[in-house]
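In case you want the letters, here they are:
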Amino acid sequence: DGGITQSPKYLFRKEGQNVTLSCEQNLNHDAMYWYRQDPGQGLRLIYYSQIVNDFQKGDIAEGYSVSREKKESFPLTVTSAQKNPTAFYLCGSGANVLTFGAGSRLTVL
Amino acid sequence: GIQVEQSPPDLILQEGANSTLRCNFSDSVNNLQWFHQNPWGQLINLFYIPSGTKQNGRLSATTVATERYSLLYISSSQTTDSGVYFCAVWGGGADGLTFGKGTHLIIQP
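Chains as they are written, first to last, in our numbering: chain R, 752 to 860; chain P, 942 to 1050.
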């Protein structure tokens, strides 16, 4: 079945550590997106990529980095520079209709 | 950027009731989607509806693009309809969907 796989589902991190969230899709989509969701809020765009080897900052990119070396993969690194990283992270892909993975919940201890 | 406002923010209904959720947006859009977020955080596409009316079982949606709003109707609510409903719009650039803050729906048995 085609879809988007995010891992890990839950992740705990100590302050000062970088962590990388994985996002893999087998939908043959060119465009991929990372969103952040805080409790009681909608989703906010972190980074997006329209094609391999190209990506752009979204509304809240500070403290995050991405890469797009393969069409299927768009990993997100939450760096120690991100001041409030505890959140739910959702990866999506698609052109007109976005499909999302199940999300990764990051907690900073 | 485009602003998206959803109302009401919270809604509590008895099983079997009907409901109408509203989404207002501030500018012309090429794309509008409605999502349901289940208690585990998964975002499920309900409708891709930049204009017109669509129906899928007990759910239907209408977008009046010229007046910049969309409505999601849920009839004969079931407890499994509980969750958060998001409206998201795309203004035509390359930067993906802009989400509203959602309507938190609770269906009581």
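Warning: the hint list may mix true and false statements.
As the list claims (entries may be wrong) - SDA-like, lysine to any residue: derived pairs with alpha carbons at most 20 angstroms apart:
#1 K822(R) <-> Q757(R)
#2 K808(R) <-> W1031(P)
#3 K808(R) <-> D1036(P)
#4 K1042(P) <-> A853(R)
#5 K808(R) <-> Q944(P)
#6 K760(R) <-> Q944(P)
#7 K822(R) <-> P980(P)
#8 K808(R) <-> G1032(P)
#9 K1042(P) <-> R795(R)
#10 K1042(P) <-> D781(R)
#11 K760(R) <-> D1036(P)
#12 K995(P) <-> K834(R)
#13 K808(R) <-> I943(P)
#14 K1042(P) <-> T837(R)
#15 K760(R) <-> I943(P)
#16 K808(R) <-> G942(P)
#17 K1042(P) <-> R999(P)
#18 K1042(P) <-> K822(R)
#19 K822(R) <-> T837(R)
#20 K1042(P) <-> G791(R)
#21 K760(R) <-> I985(P)
#22 K1042(P) <-> P790(R)
#23 K1042(P) <-> I943(P)
#24 K995(P) <-> V1005(P)
#25 K808(R) <-> D781(R)
#26 K995(P) <-> D810(R)
#27 K995(P) <-> N847(R)
#28 K995(P) <-> V848(R)
#29 K1042(P) <-> N804(R)
To be verified - A short, non-exhaustive set of chain P residues, derived as facing chain R with CB atoms under 7 angstroms:
#30 I943
#31 N972
#32 D1036
What the hints contain is simulated information worked out from the structure, not anything from laboratory work. In this text, a Cβ means the ideal position worked out from N, Cα and C, and glycines have one as well.
Of all the hints given earlier, name the ones this structure violates by number, lowest first. Per hint list: 6, 7, 10, 11, 12, 15, 17, 18, 19, 26, 29, 30 violated.
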